[in-house]
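**Q** The listed protein sequences derive, respectively, from chains A and B.
According to UniProt numbering, the residues represented by the first sequence are 1 to 59, in order.
According to UniProt numbering, the residues represented by the second sequence are 1 to 331, in order.
Everything labelled a hint here was simulated from the structure, so no lab data went into it.
Any given hint could turn out to be false.
Straight-line alpha carbon distances no greater than 25 Å define the calculated DSS-like cross-link-like pairs of lysine-lysine that follow [to be verified]:
1) Lys32/A to Lys53/B
2) Lys324/B to Lys27/A
3) Lys30/A to Lys324/B
4) Lys171/B to Lys32/A
5) Lys171/B to Lys27/A
6) Lys171/B to Lys30/A
7) Lys27/A to Lys15/A
8) Lys27/A to Lys321/B
9) Lys171/B to Lys53/B
10) Lys30/A to Lys321/B
Pair ranges (Cβ atoms, derived) [to be verified]:
11) Asp251/B to Arg5/A: 31 to 41 Å
12) Thr19/A to Val220/B: 53 to 63 Å
13) Thr19/A to Tyr231/B: 37 to 47 Å
14) Leu329/B to Pro50/A: 47 to 57 Å
15) Leu329/B to Lys15/A: 17 to 27 Å
16) Leu54/A to Leu243/B: 53 to 63 Å
17) Ser8/A to Asp251/B: 30 to 40 Å
Every residue, glycine too, gets a C-beta built ideally from N, C-alpha and C.
Listed below, chain by chain, are the residues.
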Amino acid sequence: MMAKRKMSLTELSEKVGITMANLSILKTGKAKAVRLETLEAVCKILNCQPGDILEFVED
Amino acid sequence: MKIKFNTNIVVNVVIGVVVVLYMIPFVPLMMRGVNRGIPGKGDITNGITYNLKPIDPVVSIDLPYYKYISVRDSIKNLRNFKNQNETNVSGFELGYVAGTTGSYILCDTCTVNGYMFAKAHIDDRKEHTQYFIQLPGWKLKATANDFYNDDSVKFFRENNQSYIRKKVIYKSTKNKKDSVYNQLHYVDVPVPFGYNQRLQCLLVPVSESTRNVINIILGVCIFMFVFYMLYLLAAFLKFIADLSKGLSFTDKNVNRLRLIAVSLLIYPCILFLLTLLMRLIFHRYFTPDVIINDALLKYSLKPIGFGLVFLLLYRAFNQGKLLKDEQDLTV
């Protein structure tokens with residue numbers, strides 16, 4: 001989605017208002033939970049639905 | 001009011017152990033209720049015949065007070081010497097497991113005054129020393145104050161031989177109501193061990209070289225034990241220091257608490273097993289009158305108590321760490 005919008009991690013973190021470290025955790029899938037407000041902010045910036053950035057992968 | 005058990009198994013185990021620890025002192029009291037009271041059906045009554053002369057001379061109560069005290073003390077001192085409880089050589093002692101000691105050998109014909117004079121003039125003390133491995137985890141059924149119990153025994157040495165004086169049944173009669181009357185009398189049984197009445201510990205006579213080897217082994221064990229205790233203390237101090245820095249729920253702290261809890265809980269078990277191992281190693285010196293020292297069990301209660309507290313702390317900090325990790329990884 002970020003590639004589609006041609007947006008870098010730094011730019012996204014600045015626009016969403018979260019740190020690079022947290023964004024990295026989110027991107028690598030290490031995050032244990034995502035706050036609804038974070039999800040809302042990311043979706044708003046990337047102009048997409050939560051389903052576009054979340055994916056269920058079976059272990 | 002309803003009492004509900006917690007579903008957490010550790011909490012239930014802790015509650016169970018605490019209840020058992022509080023119940024232990026009451027068990028002997030409950031057991032004492034048996035075979036007491038008026039003889040009836042199934043009761044056992046004992047009577048004692050004093051068939052042997054006293055081990056030590058009895059001090060006449062007709063003596064003047066200060067003379068009485070002086071004679072009584074000299075008899076006590078002589079008995080102490082005869083029983084080889086006058087320590088000459090001290091050595092390492094590893095808790096209730098084992099230790100080494102040595103004491104003067106006193107000839108039976110010597111008097112205390114004569115012996116004290118001789119002791120001061122002995123050139124080669126080694127020749128006059130008997131070496132022992134002392135086993136504080138094992139004691140005789142009797143203590144000095146416990147001699148009136150039917151089951152208890154008294155240790156003494158005569159003619160360079162150790163004996164225990166004990167009561168045995170020599171006549172048993174049964175009446176119509178099924179109650180039994182036992183007539184007890186005293187016997188002196190030779191035993192292969194020595195005994196320290198004051199410390200209440202068994203003494204195994206050994207040669208000087210054996211004593212030296214055991215002493216070195218004990219020294220190494222004590223050094224390792226002290227080192228490990230210091231390591232645990234350092235872990236605890238680091239834990240406190242981390243808390244003061246605000247680093248509470250970290251992997252290191254959880255591991256430290258687990259190490260301290262496990263060490264404190266395992267320590268009494270190891271102590272108990274080593275004490276049993278001593279019995280296996282020196283089994284030929286043991287008789288049925290030698291029992292495990294109950295002080296060992298009392299001594300074990302403290303580490304178990306502290307161990308349980310640290311186990312609960314470990315559980316709490318582990319839970320806290322999980323919550324913290326979750327919190328840290330929530331974006």
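**Q** Please list, smallest to largest, the hint numbers that this structure does not respect.
**A** 1, 4, 5, 6, 14, 16
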